[in-house]
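Number of protein chains: 2
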Amino acid sequence: MLEPKQIKEASIRIKNFVKNTPIFHSSLLDEFLGGHEIHFKMDNFQKMGAFKIRGAMHTVLRLIENGKKPTSIVAYSSGNHAQGCSYTGKVLGIPTTIIMPSFTSPIKVQATRGYGANVILTETRMEAESLSEEYAAKGATLITPYSLDDVILGQGTACYESLEALGEVSAIFTSIGGGGLISGTYLAKELLCPSAKVFGVEPAAADDAKRSLESGVIFKWESSPETISDGARTLCVSPNTFEYIKKIDGIYTSTDEATIYWTQWLTHLLKATVEPTSAMCMQGVVEYLRSCTTKQKILVVISGGNVAASTHSKIWANNQLDVIPSIAT
Amino acid sequence: MLEPKQIKEASIRIKNFVKNTPIFHSSLLDEFLGGHEIHFKMDNFQKMGAFKIRGAMHTVLRLIENGKKPTSIVAYSSGNHAQGCSYTGKVLGIPTTIIMPSFTSPIKVQATRGYGANVILTETRMEAESLSEEYAAKGATLITPYSLDDVILGQGTACYESLEALGEVSAIFTSIGGGGLISGTYLAKELLCPSAKVFGVEPAAADDAKRSLESGVIFKWESSPETISDGARTLCVSPNTFEYIKKIDGIYTSTDEATIYWTQWLTHLLKATVEPTSAMCMQGVVEYLRSCTTKQKILVVISGGNVAASTHSKIWANNQLDVIPSIAT
Numbered sequence: 580m581l582e583p584k585q586i587k588e589a590s591i592r593i594k595n596f597v598k599n600t601p602i603f604h605s606s607l608l609d610e611f612l613g614g615h616e617i618h619f620k621m622d623n624f625q626k627m628g629a630f631k632i633r634g635a636m637h638t639v640l641r642l643i644e645n646g647k648k649p650t651s652i653v654a655y656s657s658g659n660h661a662q663g664c665s666y667t668g669k670v671l672g673i674p675t676t677i678i679m680p681s682f683t684s685p686i687k688v689q690a691t692r693g694y695g696a697n698v699i700l701t702e703t704r705m706e707a708e709s710l711s712e713e714y715a716a717k718g719a720t721l722i723t724p725y726s727l728d729d730v731i732l733g734q735g736t737a738c739y740e741s742l743e744a745l746g747e748v749s750a751i752f753t754s755i756g757g758g759g760l761i762s763g764t765y766l767a768k769e770l771l772c773p774s775a776k777v778f779g780v781e782p783a784a785a786d787d788a789k790r791s792l793e794s795g796v797i798f799k800w801e802s803s804p805e806t807i808s809d810g811a812r813t814l815c816v817s818p819n820t821f822e823y824i825k826k827i828d829g830i831y832t833s834t835d836e837a838t839i840y841w842t843q844w845l846t847h848l849l850k851a852t853v854e855p856t857s858a859m860c861m862q863g864v865v866e867y868l869r870s871c872t873t874k875q876k877i878l879v880v881i882s883g884g885n886v887a888a889s890t891h892s893k894i895w896a897n898n899q900l901d902v903i904p905s906i907a908t
Numbered sequence: 580m581l582e583p584k585q586i587k588e589a590s591i592r593i594k595n596f597v598k599n600t601p602i603f604h605s606s607l608l609d610e611f612l613g614g615h616e617i618h619f620k621m622d623n624f625q626k627m628g629a630f631k632i633r634g635a636m637h638t639v640l641r642l643i644e645n646g647k648k649p650t651s652i653v654a655y656s657s658g659n660h661a662q663g664c665s666y667t668g669k670v671l672g673i674p675t676t677i678i679m680p681s682f683t684s685p686i687k688v689q690a691t692r693g694y695g696a697n698v699i700l701t702e703t704r705m706e707a708e709s710l711s712e713e714y715a716a717k718g719a720t721l722i723t724p725y726s727l728d729d730v731i732l733g734q735g736t737a738c739y740e741s742l743e744a745l746g747e748v749s750a751i752f753t754s755i756g757g758g759g760l761i762s763g764t765y766l767a768k769e770l771l772c773p774s775a776k777v778f779g780v781e782p783a784a785a786d787d788a789k790r791s792l793e794s795g796v797i798f799k800w801e802s803s804p805e806t807i808s809d810g811a812r813t814l815c816v817s818p819n820t821f822e823y824i825k826k827i828d829g830i831y832t833s834t835d836e837a838t839i840y841w842t843q844w845l846t847h848l849l850k851a852t853v854e855p856t857s858a859m860c861m862q863g864v865v866e867y868l869r870s871c872t873t874k875q876k877i878l879v880v881i882s883g884g885n886v887a888a889s890t891h892s893k894i895w896a897n898n899q900l901d902v903i904p905s906i907a908t
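These protein sequence lines are chains A and B, in that order. Anchor point for the first sequence: position 94 equals 673 in this note's numbering, and the numbering is continuous, going up by one each time. Anchor point for the second sequence: position 80 equals 659 in this note's numbering, and the numbering is continuous, going up by one each time.
Hints may be right or wrong, so weigh each one.
What the hints assert, rightly or not - What follows is a set of in silico ranges between Cβ atoms, one per label pair, in the way DEER data are often shown:
hint, chain 1, residue 1, chain 2, residue 2, range
1, A, Gly-613, B, Ser-651, 27 to 35 angstroms
2, A, Gly-613, B, Glu-743, 34 to 42 angstroms
3, A, Gly-746, B, Ala-744, 27 to 35 angstroms
4, A, Val-670, B, Glu-588, 23 to 31 angstroms
5, B, Ile-602, A, Thr-872, 38 to 46 angstroms
6, B, Thr-872, A, Ala-896, 41 to 49 angstroms
7, A, Lys-594, B, Gly-614, 40 to 48 angstroms
What the hints assert, rightly or not - Calculated pairs, SDA-like style, for lysine to any residue (alpha carbon to alpha carbon, straight line, at most 20 angstroms):
hint, chain 1, residue 1, chain 2, residue 2
8, A, Lys-893, B, Ser-889
9, A, Lys-669, B, Ser-606
10, B, Lys-598, A, His-618
11, A, Lys-893, B, Ala-896
12, B, Lys-893, A, Thr-600
13, B, Lys-669, A, Asp-609
14, A, Lys-598, B, Lys-584
15, A, Lys-825, A, Leu-814
16, A, Lys-587, A, Ser-606
17, A, Lys-893, B, Asn-897
18, A, Lys-893, B, Arg-869
19, A, Lys-598, B, Lys-647
20, B, Lys-598, A, Thr-600
21, B, Lys-598, A, Leu-671
22, B, Lys-799, B, Lys-893
23, B, Lys-587, B, Leu-640
24, B, Lys-598, A, Asp-609
25, A, Lys-669, B, Lys-789
26, B, Lys-598, A, Ala-896
27, B, Lys-647, B, Ser-605
28, B, Lys-876, B, Phe-603
29, B, Lys-598, A, Phe-603
30, A, Lys-893, B, Lys-893
31, A, Lys-893, B, Gln-843
32, A, Lys-669, B, Phe-611
33, B, Lys-893, A, Ala-896
34, A, Lys-598, A, Leu-671
35, B, Lys-669, A, Asn-599
36, B, Lys-893, A, Arg-592
37, A, Lys-598, B, Ser-605
38, B, Lys-669, A, Glu-610
39, B, Lys-825, B, Glu-793
40, B, Lys-893, A, Ala-887
In short, the hints are calculated from the structure, not lab data. Think of the CB as a built atom: it goes at the ideal place given N, C-alpha and C, for glycine as much as any other residue.
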């Protein structure tokens, strides 16, 4: 396992290349949740709209530092990791090929191309993975979305910056896709606030990390599970992220209905575009708070804000957000 | 008319009570618009989610400064001004009654009550106006939404803060409802950047300021015009805001279709919840840029982010945002 102090080094390494995004909170939300403090790390305002730039940029900067600047980059991704790699390649002047499953939202494809990458679409995620390995065999540097140590360290800088700004917190919530974000988050809190609990949140229909944790063996979907939280449609966590996931304090799940509810409310309360994959963390926060007997100071990592128009349509189709609910009980 | 230097005094007066909201820009948008710089003053992140707190707070602080602290406050408003007055009353410890037309979005009613005001709903805006005058006759201090000098000065602080941060700009765009925001904006730019042009934008279906400007006489709707830009459903500008409107450089209009288009794009590019009333400014920006032969540095005041769920549903019903358009020509 990585050492927590390496997160600080990663933060120094990338700080001129990524934004130290702001931390928001909503006094209305705090009040409705019973007087706890909920702080949101707004990485939806990150360059390219998501935390993924952190891991991709950190990986390539580390290679350059070690005298191994890639001649080309390849990555497979259904979205934000693709944009993170594409943006990294553009900023550092390295030709980049991104292989994406064809269900990727068109706006993410367009943005990935907009940052200069060559984009190839494949039918399934598994085909994307195997094609990217072919590119790597021919000399391209493959940046996988969550299993590389340098990706994990980069992703952890979001939590590191948050704890530097907020001081101690009682609990931290992030979504779990492949596990890179929560692994880095675990390391960051071990460095700056070891007493903080760390919780992951998964879509109820894509709860492979929870199943893996319960059985002790990594559970893998045969095909990408269906959920509005498109950033969490990964087939499984990786062996190394699973090691960090075993150390966190628990995994909550959120139905798509609950996720849509929280996406609506965060859109309204934070005045921000928040991916369902991020908003679903609130379902975990509320379930956790119901079990608490003391006032909590919570950090929620808002991982991104790249939302397809079709997803916006689904979020607002039922038009629920008409009165502020009582969610304290 | 007010003197431009009074805007600076207003800014000092309110600065401990309102946020100096951030200025955002989108490099993708700048590129798609042909290399101009477009800067957005994000008053959707203002306390209570809109610029209206500025004018309301400034008006009451000025009264207190002059030894005339109100014993109670009354206001009529279909939305953000109501929340501005309610929040002002709460912060300054003054009982507040808000009279709202019943078409007001439920979430704005709820938020207004949430800040502690007594809320009364009436059938029409005109009934709301006359009932508020009854309260005023009984001793309450009536804060009208746009015609008071101190409201105009407060609203102008958004532009004042923007120009302090950005330096010189070539043109400034704000929406026009009753005209308070654009009047204060005109004063702010006269103080800090007299060479800047100022443009207003109205919904095509609620273009009373444009009609007034063309005829030289204030045009008044018989009832609130229908448009998705609910912050611009005012019946007419006031005699004093009309004097400032005569001095600006022009008024553009936006159809609801164009407004929805720009609301979608700003949601995506700025990762922010933006009222259609604010987003419609982009229609004016694009029309203006088409007439420009040199690179422009533009300021757009994003006036608020309080959007009802039913409005979100309308914005995303047609699911347009699938590829980034070429909007340079």
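These are the hints, each one checked on the structure:
no.: 1; hint: A:Gly-613 to B:Ser-651: 27 to 35 angstroms; verdict: holds (31 angstroms)
no.: 2; hint: A:Gly-613 to B:Glu-743: 34 to 42 angstroms; verdict: holds (39 angstroms)
no.: 3; hint: A:Gly-746 to B:Ala-744: 27 to 35 angstroms; verdict: holds (28 angstroms)
no.: 4; hint: A:Val-670 to B:Glu-588: 23 to 31 angstroms; verdict: violated (44 angstroms)
no.: 5; hint: B:Ile-602 to A:Thr-872: 38 to 46 angstroms; verdict: holds (43 angstroms)
no.: 6; hint: B:Thr-872 to A:Ala-896: 41 to 49 angstroms; verdict: holds (45 angstroms)
no.: 7; hint: A:Lys-594 to B:Gly-614: 40 to 48 angstroms; verdict: violated (28 angstroms)
no.: 8; hint: A:Lys-893 to B:Ser-889; verdict: holds (13 angstroms)
no.: 9; hint: A:Lys-669 to B:Ser-606; verdict: holds (14 angstroms)
no.: 10; hint: B:Lys-598 to A:His-618; verdict: holds (18 angstroms)
no.: 11; hint: A:Lys-893 to B:Ala-896; verdict: holds (9 angstroms)
no.: 12; hint: B:Lys-893 to A:Thr-600; verdict: violated (31 angstroms)
no.: 13; hint: B:Lys-669 to A:Asp-609; verdict: holds (17 angstroms)
no.: 14; hint: A:Lys-598 to B:Lys-584; verdict: violated (36 angstroms)
no.: 15; hint: A:Lys-825 to A:Leu-814; verdict: holds (18 angstroms)
no.: 16; hint: A:Lys-587 to A:Ser-606; verdict: violated (31 angstroms)
no.: 17; hint: A:Lys-893 to B:Asn-897; verdict: holds (11 angstroms)
no.: 18; hint: A:Lys-893 to B:Arg-869; verdict: violated (35 angstroms)
no.: 19; hint: A:Lys-598 to B:Lys-647; verdict: violated (46 angstroms)
no.: 20; hint: B:Lys-598 to A:Thr-600; verdict: holds (18 angstroms)
no.: 21; hint: B:Lys-598 to A:Leu-671; verdict: violated (36 angstroms)
no.: 22; hint: B:Lys-799 to B:Lys-893; verdict: violated (27 angstroms)
no.: 23; hint: B:Lys-587 to B:Leu-640; verdict: holds (15 angstroms)
no.: 24; hint: B:Lys-598 to A:Asp-609; verdict: holds (19 angstroms)
no.: 25; hint: A:Lys-669 to B:Lys-789; verdict: violated (45 angstroms)
no.: 26; hint: B:Lys-598 to A:Ala-896; verdict: violated (33 angstroms)
no.: 27; hint: B:Lys-647 to B:Ser-605; verdict: violated (45 angstroms)
no.: 28; hint: B:Lys-876 to B:Phe-603; verdict: holds (13 angstroms)
no.: 29; hint: B:Lys-598 to A:Phe-603; verdict: holds (13 angstroms)
no.: 30; hint: A:Lys-893 to B:Lys-893; verdict: holds (12 angstroms)
no.: 31; hint: A:Lys-893 to B:Gln-843; verdict: holds (14 angstroms)
no.: 32; hint: A:Lys-669 to B:Phe-611; verdict: holds (18 angstroms)
no.: 33; hint: B:Lys-893 to A:Ala-896; verdict: holds (9 angstroms)
no.: 34; hint: A:Lys-598 to A:Leu-671; verdict: holds (16 angstroms)
no.: 35; hint: B:Lys-669 to A:Asn-599; verdict: violated (33 angstroms)
no.: 36; hint: B:Lys-893 to A:Arg-592; verdict: violated (44 angstroms)
no.: 37; hint: A:Lys-598 to B:Ser-605; verdict: holds (14 angstroms)
no.: 38; hint: B:Lys-669 to A:Glu-610; verdict: holds (15 angstroms)
no.: 39; hint: B:Lys-825 to B:Glu-793; verdict: holds (10 angstroms)
no.: 40; hint: B:Lys-893 to A:Ala-887; verdict: holds (16 angstroms)
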